[in-house]
Amino acid sequence: MCLTKELLVRFYGVLNFALRTLVHYRVLAAFGKPFDYFLVEEPWRVYAVLEKAVGRHNAELVINILTDWLRKNGCIVTQDQVLRYLTAREAWG
4 MCLTKELLVR
14 FYGVLNFALR
24 TLVHYRVLAA
34 FGKPFDYFLV
44 EEPWRVYAVL
54 EKAVGRHNAE
64 LVINILTDWL
74 RKNGCIVTQD
84 QVLRYLTARE
94 AWG
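For the sequence shown, the positions run 4 to 96 when this note's numbering is used.
These are computed hints drawn from the structure, not numbers from a lab. Possibly wrong hints are sitting among the right ones.
[To be verified] Below, a list of computed lysine-lysine pairs in the BS3-like style, where the Cα atoms sit at most 30 Å apart: (1) K55 <-> K8; (2) K8 <-> K36; (3) K75 <-> K55.
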């Protein structure tokens with residue numbers, strides 16, 4: 004799988020400013036840590052963190068945007084594969 008922690012951080016950096024700001028502050032309020040922490044240290048929790056911080060609909064929106072961005076950057080994945088990586092610790096081997 005071509006999804007890496009570095010790609011997650013790169014994606015977060017190019018995310019629309021308003022959405023990135025919303026995610027940052029909601030995650031910080033809910034977990035006491037910035038979203039970047041989860042991208043780098045616990046990527047298997049990213050979906051659950053997003054879902055709790057911004058709701059299921061917005062979490063799915065971010066996952067859709069991520070999946071499209073990965074494809075545009077040469078990482079051909081399905082949304083299911085992305086979700087597996089962002090929900091299962093063992094996916095990060």
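Hints, verified against the model:
In summary, the hint linking K55 to K8 is supported, as the alpha carbons are separated by about 21 Å, within the 30 Å threshold. For the given pair, K8 sits about 17 Å from K36 by alpha-carbon distance, which is consistent with the 30 Å threshold. As the CA atoms of K75 and K55 are separated by approximately 28 Å, the hinted pair is consistent with the 30 Å bound.
Every hint from the earlier list agrees with this structure, and none is contradicted.
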